[in-house]
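2 protein chains.
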Amino acid sequence: MLTAHSVKILKSLDQKKFRQKYNLFLVEGNKIIKELANSDYETQEIFSTNPESLSFFKGKITEISPEQLRKISFLKTPKDSVAVCKLRKNALNKDISRQLILDGIQDPGNLGTMIRLADWFGIRQIVCSEDTADFYNPKVVQASMGSFLRVNVVYENLEHFLKNSARKNIGTDMSGTSVFKFNFPEKFNLIFGNEGNGIRPNIEKLLDEKLTIPRFGKHQFTESLNVSVAAGIVLGQAFLGSLLLINK
Amino acid sequence: MLTAHSVKILKSLDQKKFRQKYNLFLVEGNKIIKELANSDYETQEIFSTNPESLSFFKGKITEISPEQLRKISFLKTPKDSVAVCKLRKNALNKDISRQLILDGIQDPGNLGTMIRLADWFGIRQIVCSEDTADFYNPKVVQASMGSFLRVNVVYENLEHFLKNSARKNIGTDMSGTSVFKFNFPEKFNLIFGNEGNGIRPNIEKLLDEKLTIPRFGKHQFTESLNVSVAAGIVLGQAFLGSLLLINK
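Taken in sequence, the protein lines are chains A and B.
Adding 115 to a residue's 1-based position in the first sequence gives its number in the numbering used here.
Adding 115 to a residue's 1-based position in the second sequence gives its number in the numbering used here.
Treat the hints with care, as some may be off.
Treat identical chains as interchangeable: a pair holds within one or across any two.
[Said to hold, decoys possible] Straight-line Cα separation of at most 20 Å, SDA-like style, residue types lysine to any residue; simulated pairs:
id, residue 1, residue 2
1, 191, 222
2, 194, 312
3, 333, 212
4, 333, 153
5, 333, 267
6, 296, 355
7, 146, 333
8, 320, 272
9, 254, 310
10, 191, 309
11, 333, 240
12, 146, 309
13, 333, 355
14, 254, 190
15, 204, 265
16, 194, 310
17, 254, 221
18, 146, 311
19, 191, 130
20, 191, 224
21, 333, 154
22, 126, 191
Source of the hints: derived by calculation from the structure; they are not laboratory data.
Can you build the whole structure from these sequences, using the hints too?
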């Protein structure tokens, strides 16, 4: 049964403080929930309008009405099920050749999209500044489309981390070397800054290289690109390089 | 004065039918409003918490309180001002060498991001299927960051349009030629499909070339990339080609 008390707890999980208090987060939609069941995450309970569709899950399933689903879902168009999962603390893996570094990304949609992008390009770790959007925010989980299960997202003091990393620190900015003319090294930290303010000065100091995406449009007013779109373009170039190497 | 009646009308403008009924849409934030004032759009009135900041605007300005601003703004964190503008009907320009074609993009944030991306790469027109998200949706306007003023977004019957276009029709899909190995022609229609279902079969039939972004990650579950991120990667490759030509 879905009690009013449970609804209240589940709805509170859009806030980090309540996710941490209850040690829980939500995952929506059977497709991702199935991947979740095959992962290291512990699923505590699933609320579903269609329990028969969850035969892969051996734990507790509670049948709910579509109306109840709308009450606990964070989606505009709720899917079939909502899984309640225990938080896990990811540990930094120091042995990753190519990783993304996020310095203060605020928008959960951007973080989720970048996790999905990392997964696509086989990047296994994202190191975030401590003020980057929370990995367990329902919008991050949903925008990542299940990729949050495959990319190790950790939160670190970036200045300390980058100072002690043996990789080239490559930043992206409004000025610098054209990403279309740059030869990427085999190992790198690829750093993206906050949506409005870019990379912070203390992190900028640690860069070995600054890259920019040249603007082909002529309008002086054109804003910088959305950070996750910029990340896509830069990763495209980075992997184009490694593709050319493979083809040699 | 901001009357209750005005608030009701302004709030209704998040729906297409009311934008069309009143022939109005909203633009938020002084930065974009300033660009708007320099454009062909007609600004009917500006509501602002800081009228002094709008000295560039010679029309009607109504001072409102931050509380009133929160009532009429579609943003989570409202900016300084909200401009009420008259809709314009963009006309198809048949003389564009490189343009984006959107077949049923649903998410306003994706449409806005793709308008911003087009503007960055100097692409002056986006041709949308009639069921693509509405250009004047406040989320599109906001995500485009003012680029909606510089890119001509039109709605057409895509099948008819593509059949009669003299450009190469290049689609993006889960299979096809690797975008990293493809030489883009000088003139093209670059087609992106719906977030969930891709390009429709009747449009797919009209493609001269299908491109894909190879997946470097090894996980079989990885979802396709977000469509605006994919557009960034493909445009990066398209313009890399023209850059190499320029450098020859």
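To see whether the hints hold, each was checked on the structure:
1. 191 to 222: both (18 Å within a copy, 12 Å between copies)
2. 194 to 312: between (36 Å within a copy, 17 Å between copies)
3. 333 to 212: between (37 Å within a copy, 16 Å between copies)
4. 333 to 153: between (49 Å within a copy, 16 Å between copies)
5. 333 to 267: Answer is between: at 15 Å across copies they meet the 20 Å cutoff, but 39 Å inside does not.
6. 296 to 355: both (12 Å within a copy, 9 Å between copies)
7. 146 to 333: For residue 146 and residue 333, only the inter-copy Cα distance (18 Å) is at most 20 Å; the intra-copy one is 43 Å.
8. 320 to 272: within (15 Å within a copy, 52 Å between copies)
9. 254 to 310: both (17 Å within a copy, 17 Å between copies)
10. 191 to 309: Between copies only: 18 Å across, 27 Å inside.
11. 333 to 240: Intra 36 Å, inter 14 Å, cutoff 20 Å: inter-copy only.
12. 146 to 309: Close across copies (19 Å), not inside one copy (31 Å); limit 20 Å.
13. 333 to 355: Cα proximity of residue 333 and residue 355: across copies only (17 Å, versus 27 Å in one copy).
14. 254 to 190: both (9 Å within a copy, 17 Å between copies)
15. 204 to 265: within (14 Å within a copy, 45 Å between copies)
16. 194 to 310: between (30 Å within a copy, 16 Å between copies)
17. 254 to 221: Both ways: residue 254 and residue 221 sit 12 Å apart in one copy and 18 Å across, limit 20 Å.
18. 146 to 311: between (34 Å within a copy, 13 Å between copies)
19. 191 to 130: both (17 Å within a copy, 15 Å between copies)
20. 191 to 224: Cα proximity of residue 191 and residue 224: in one copy and across copies (14 Å, 14 Å).
21. 333 to 154: Result: close only across copies, 16 Å inter versus 48 Å intra.
22. 126 to 191: Classified as both: same-chain Cα gap 14 Å, cross-chain 19 Å, threshold 20 Å.
Checked against the numbered hints above, the structure breaks none of them.
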